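Novice: If you want the building blocks of each chain, they are given just below.
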Amino acid sequence: MSVGAPPVEDVHRPPRRRRTRPRRSAVAQERLLAYVLAGPILVYELVFVFYPILQGVWMSTTDQSLGATEARFIGLENYDRLFHDPSFYASVRHTLVYAAAVVVLAVGFGLLTAVLVNRAFRGRGAVRGIMTVPWAFPEIATVLVFVWIANPTFGVVNLLADLVPGTALDGGWFTSSPLAMVSIVLISTWKTFPFYSIVVLASLQTVPVTLEEAARVDGANMLQRFWHVTLPAIRPTLLLLSLLAFIFAFRQFTLIWLTTGGGPGADTETMVVAIYNSAFRFYDYSYGAAIGVASLVVVFAVTIGMLLLQRRFGDES
Amino acid sequence: MARRPSATAPPRSPRRSGASLGPLSRYGVVGVVCLVVLFPVYWMVATAVQPTADSLVYPPSLVPRSFDLSGFRTVFSELPIARWLGNSTVLALTATAITTSLAVLGAYVLVALRWRGRALFGLLLLVTQMMPEAIVVVPLYQLYSHVGMTDSLLALAMLHAAFVMPIGVWILRNAIAGIPREISEAALIDGCGHLTVLRRIVLPLVSPAVVAVAVVAFFASWGEYLFATTLITTSDRYPASVGLATLIGQLDTPVDALFSGGLLYALPPVVLYIMIQRYMVSGLTAGGVKG
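So the sequences go chain by chain: E and W.
In terms of this note's numbering, the first sequence is residues 1 to 317.
In terms of this note's numbering, the second sequence is residues 318 to 608.
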């Protein structure tokens, strides 16, 4: 996923002596074209993404709220409050628990389903399509159906709970702790695993069949073959996907907000939900902005950590 | 991509112990997984096509006891669902057009042109990808109100495009990098400009990836909720995501009508996905994921 210039391209550079006049102007032209094409994209992203972020950083140093229309610079007061706010630390914890669980389950289930359809069998195409349908299923529809499935009175999932004797769940799938966290993790897994499944499958298809055949001839059983042959080959992909899955889970708002709303209490309030609550429920814009800046720090820290892990264990192929 | 079954799956292996999952257990596992994955989709359909009275009983029947499509009539008469779906269509198509055209240019600029600032440009797009939407939503709301762009589907589409475009560039970048360089070099030497090379040579070769990017953008905009609910405040202008979300947990819409609406909303992307699923897989993975 390195975005830097791949070194291969310079190999094709013409040798130096051929840098005659027309060639030089071609290079200049190429550069000009690059700026002309990249410029608008850059401006676009600056306006819609980076300007609001800077605005948010600035806002976090003021006392803007619904009551105070005139924003006043108050320095790091919001951050002082943040660092002494137990609910802030709780939201960081919820975010990390939620994201870690979703990464493990969604990438894990993606791997499982990809392995299932990696081998040719009758109906594979259809199965592959069916298993990845949740990816196309919109989030609001997902929320709609799962809220109904988990309805305390009529929800079909209560049938499952009835099967297990001694469980007195009372249908509190979204309203009791820690069940609410489990519910949003499972829903998010359902919604997001197909993407990882598709990418893992593509990666599996690049593992030479002969390798596995050789291991089979040597007497390795299924699990051994998977562990020693297949897994090492797709490890870089899995690590990259885990990072992506973490970023996606970190950003997740809709599936949490519309099911638990961050509750019960604040037990599923992730940082993203906390930002929204602070701004749109308590109209404390500046404090929300401070949580936002903190969330950027967290997401960057975890990303860098995971990239380092990847460099250490994800042998470049 | 397609493999010969004979080369991989030995149906009757002489050595049972070392063989992989037998065909029966494989189908068993696949069946169970498909059931679990499809159940919520099935449940939405089932709830939509049975009378509300049948949904409001416990224990629920796993198979609809009677069919009644009046929910679909109710949802059109009681709710502005047609309008909402129309808004979603306009919104998602606009966002898709912006995303796809910018992503094609961005990816080409990243892969094929040599210029100073290229690495920085790539890094910037990567960082954009990591930004939680919630961080920018308040400043954006203020910005949009300031210039009077709230309640505008076009302005919302531009915002959606800004957040999906980096993924699009990433997908296309991998696909374009997979084209042998000699092909475009030859065209360039023959006197074609870069834009001609892009249009005549690169685009046709990476068309699955372009389709993939378009679909990703369409899904993203069709499904997006946070920006939409913040920036669109008039019920008339609601995309279906926002409109339906206002009904979740509200009890005055009959269940069959609500789920009929949900079904109509979920159907377009699902049908689209099933139609182009094969493109999708090759497009998302073309050239990519190898490093």
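Simulated from the structure, these hints should not be mistaken for laboratory data.
For clarity, every value in this text was computed on a predicted model and none was experimentally measured.
Even glycine gets a Cβ: it sits at the ideal position worked out from N, Cα and C.
Check each hint, because a few of them may be wrong.
Chain W stretches covered by chain E per the calculated footprint, using a threshold of three residues with CB under 8 Å from any CB of chain E [what the hints assert, rightly or not]:
#1 389–400
#2 518–528
#3 532–540
#4 560–574
Novice: State the violated hints by number, sorted upward, taking the hints as numbered earlier in the document.
Specialist: Going through the list in order, the structure violates hints 1 and 2 and respects the others.
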